[in-house]
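**Student:** Sequence:
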Amino acid sequence: MTGKNNQTKAGSHLLHHKSRIVKLCGKQEADRRAIGLEWIIELALLLIQYLFPGLYIRHISERYGTVSKTMASEVYLITKLVFVWAILFIPLYDQGFRMAGYPVFLFAALYLSIETLFYIPTLFFDEQVSHEHYSKVRGAILMFIHYWILIITFAITYLSTRSINFTNGSVVTKPFDSFYFSVITACTIGYGDITPHTTFGRMCVIIQSAIFVIFGAVLINLLISQPQDNANIHKD
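Per full-length UniProt numbering, the very first residue in the sequence shown carries number 1; after that it's consecutive.
Treat the hints as calculated values from the structure; they're not laboratory data.
Do not take every clue at face value.
[Unchecked claim] Label pairs and their calculated CB-CB ranges:
{"hint": "1", "residue 1": "223", "residue 2": "193", "range": "27 to 37 Å"}
{"hint": "2", "residue 1": "108", "residue 2": "180", "range": "17 to 27 Å"}
{"hint": "3", "residue 1": "25", "residue 2": "165", "range": "40 to 50 Å"}
{"hint": "4", "residue 1": "111", "residue 2": "60", "range": "17 to 27 Å"}
{"hint": "5", "residue 1": "200", "residue 2": "50", "range": "27 to 37 Å"}
{"hint": "6", "residue 1": "67", "residue 2": "114", "range": "23 to 33 Å"}
Note that CB positions come from ideal geometry on N, CA and C, so glycine has one too.
Hey, can you work out the whole structure from these sequences and the hints?
**Tutor:** See below:
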């Protein structure tokens, strides 16, 4: 009996996720809470989650309860942070970025960071998309970790594509210099000592600046509009 209950509980997260998609698609247009672009975005965010490990980690860890699911989600998030940090600072490549296997690590870092990128809009839709309830404190902590994952990922991108130069024209080849540029770009300061010199680099700067402006808006919205509810901390 216990095993059966565990099996049902373990499957509840994916079933719940699927039921939200079915419910969203099955509503009559007149009865929909979201229509138009909002409906499209909600549906896209629900479907995209199937492409990343986070959904399946929560699904498996839910077998052991909501606290275990929360801990597993947070361990996974911290693991992503450590992983992208290692890709940036551990010398897995030579100056030409030709070491065998490095493109695999680079792709993995970008793949995991795309999952992080889609975390931002889920905060707007909260339980409609993410099934989660965040306290202000926990939401801010998770945002902070996602913030640094994206900063480091952009640093990896600038470094691996040799898209940024010093003012003297020399290409940035040191991880910390790329990390420094990414932080300054995220803060929209732009001292000018390091600048993008390729079209791809300039596009990355535009995208990063836009993302982190949105990050700031989401964080302010999270802290101001969301009611404090400590009882929901373990419902993730």
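**Student:** Now tell me, hint by hint, if it's right for this structure.
**Tutor:** Here is how each hint holds up against the structure:
For residue 223 and residue 193, the hinted distance range of 27 to 37 Å is satisfied, since their beta carbons lie about 33 Å from each other. Here the CB-CB span from residue 108 to residue 180 is close to 24 Å, well matched to the stated 17 to 27 Å. For the hinted restraint 40 to 50 Å between residue 25 and residue 165, the CB-CB distance of approximately 49 Å keeps it satisfied. Our hint of 17 to 27 Å for residue 111 and residue 60 holds, since their Cβ atoms are close to 20 Å apart.
Checking the proposed 27 to 37 Å range against residue 200 and residue 50 shows it holds: the Cβ atoms sit about 29 Å from each other. At roughly 28 Å, the beta carbons of residue 67 and residue 114 sit within the given window of 23 to 33 Å.
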